Amino acid sequence: DVKVTQSSRYLVKRTGEKVFLECVQDMDHENMFWYRQDPGLGLRLIYFSYDVKMKEKGDIPEGYSVSREKKERFSLILESASTNQTSMYLCASSRDRGGYSNQPQHFGDGTRLSIL
Amino acid sequence: RKEVEQDPGPFNVPEGATVAFNCTYSNSASQSFFWYRQDCRKEPKLLMSVYSSGNEDGRFTAQLNRASQYISLLIRDSKLSDSATYLCVVKTDSWGKLQFGAGTQVVVTP
Chain A
-8 DVKVTQSSRY LVKRTGEKVF LECVQDMDHE NMFWYRQDPG LGLRLIYFSY DVKMKEKGDI
52 PEGYSVSREK KERFSLILES ASTNQTSMYL CASSRDRGGY SNQPQHFGDG TRLSIL
Chain B
-15 RKEVEQDPGP FNVPEGATVA FNCTYSNSAS QSFFWYRQDC RKEPKLLMSV YSSGNEDGRF
45 TAQLNRASQY ISLLIRDSKL SDSATYLCVV KTDSWGKLQF GAGTQVVVTP
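Chains A and B, in that order, are what the protein sequence lines are. Per this note's numbering, the very first residue in the first sequence carries number -8; after that it's consecutive. Per this note's numbering, the very first residue in the second sequence carries number -15; after that it's consecutive.
Bear in mind the hints are in silico, worked out from the structure with no lab data behind them. There's no promise every hint is true.
Unchecked claim - Here are some, though not all, of the chain A residues that point toward chain B, as calculated from beta-carbon distances under 10 Å: (1) VAL(-5); (2) PHE11; (3) GLN28; (4) GLU47; (5) MET79; (6) GLN96.
Said to hold, decoys possible - Derived list of chain B stretches under chain A, where covered just means 3 residues or more per stretch with a C-beta under 8 Å from a C-beta of chain A: (7) 41 to 48; (8) 85 to 93.
Quantities reported herein were computed from a predicted structural model and do not represent experimental measurements. Every residue, glycine too, gets a C-beta built ideally from N, C-alpha and C.
Given only the sequences and the hints, what does the whole structure look like? Please build it.
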């Protein structure tokens, strides 16, 4: 089974802090993704990465950055946390790279982040 | 307009009954389709992929209608454990990026 591990299930931080969310996958997947999920809005893509040191903006990248120094690890960084970044953050990975292969994404357990 | 739209529900279903719901997508170039299941306060988990000819996995049947740009999920003989939010997911590019619907909530009652 694919295992995607997020570093924290629950996190409480203060406005203005720099926040790091870590994600590790054990299946040698090329693609990794960061989403946030808010009630009524569904999952929204923040950033994704197709390979080591590669990153692409998703639909809502403002206020976030990412780092992928190793294939198995994808970090999400909140440069200066704000209250509107309180949310559930989900990391996912998938195998496909190019083409329209039917490879799904596998998710971590999620991190519930509260910014006070 | 959202790329993937779903009826949020809830669909209240008696145990043992059949429930079906659809999802529409806006990008006609979409190539891959999935249904994910998400339990309350948990991560989404893949329920099934949706193939062009339609496919079945036990009590679950998925259909794709490219002409009308929708996919459907049918659950037969509903169990209490089927209570969850079902996310419609569409892949629109040749890489791994997915578009998620906001989900349809299903509540199976005794």
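8 Å C-beta criterion, at least three residues: is the stretch 85 to 93 of chain B covered by chain A | holds (count 3)
Holds or violated: PHE11 (chain A) as interface residue toward chain B, Cβ cutoff 10 Å?
-> 20 Å, violated
Hold the hint about GLN96 (chain A) up to the distance rule: shortest CB distance to chain B must be less than 10 Å.
-> Constraint on GLN96 (chain A) satisfied, holds at 6 Å.
Hey, does the GLU47 (chain A) contact hint survive, CB to chain B under 10 Å?
-> OK, holds: GLU47 (chain A) within 10 Å of chain B, min 8 Å.
Going by Cβ atoms only, is MET79 (chain A) closer than 10 Å to chain B?
-> 8 Å, holds
With 10 Å as the cut and Cβ atoms as the points, is VAL(-5) (chain A) at the interface with chain B?
-> 8 Å, holds
Using 10 Å as the Cβ threshold, decide whether GLN28 (chain A) counts as touching chain B.
-> 9 Å, holds
For the stretch 41 to 48 of chain B, does the count of residues with a C-beta closer than 8 Å to a C-beta of chain A reach 3?
-> violated (count 0)
Hint violations for this structure: numbers 2, 7, all remaining hints satisfied.
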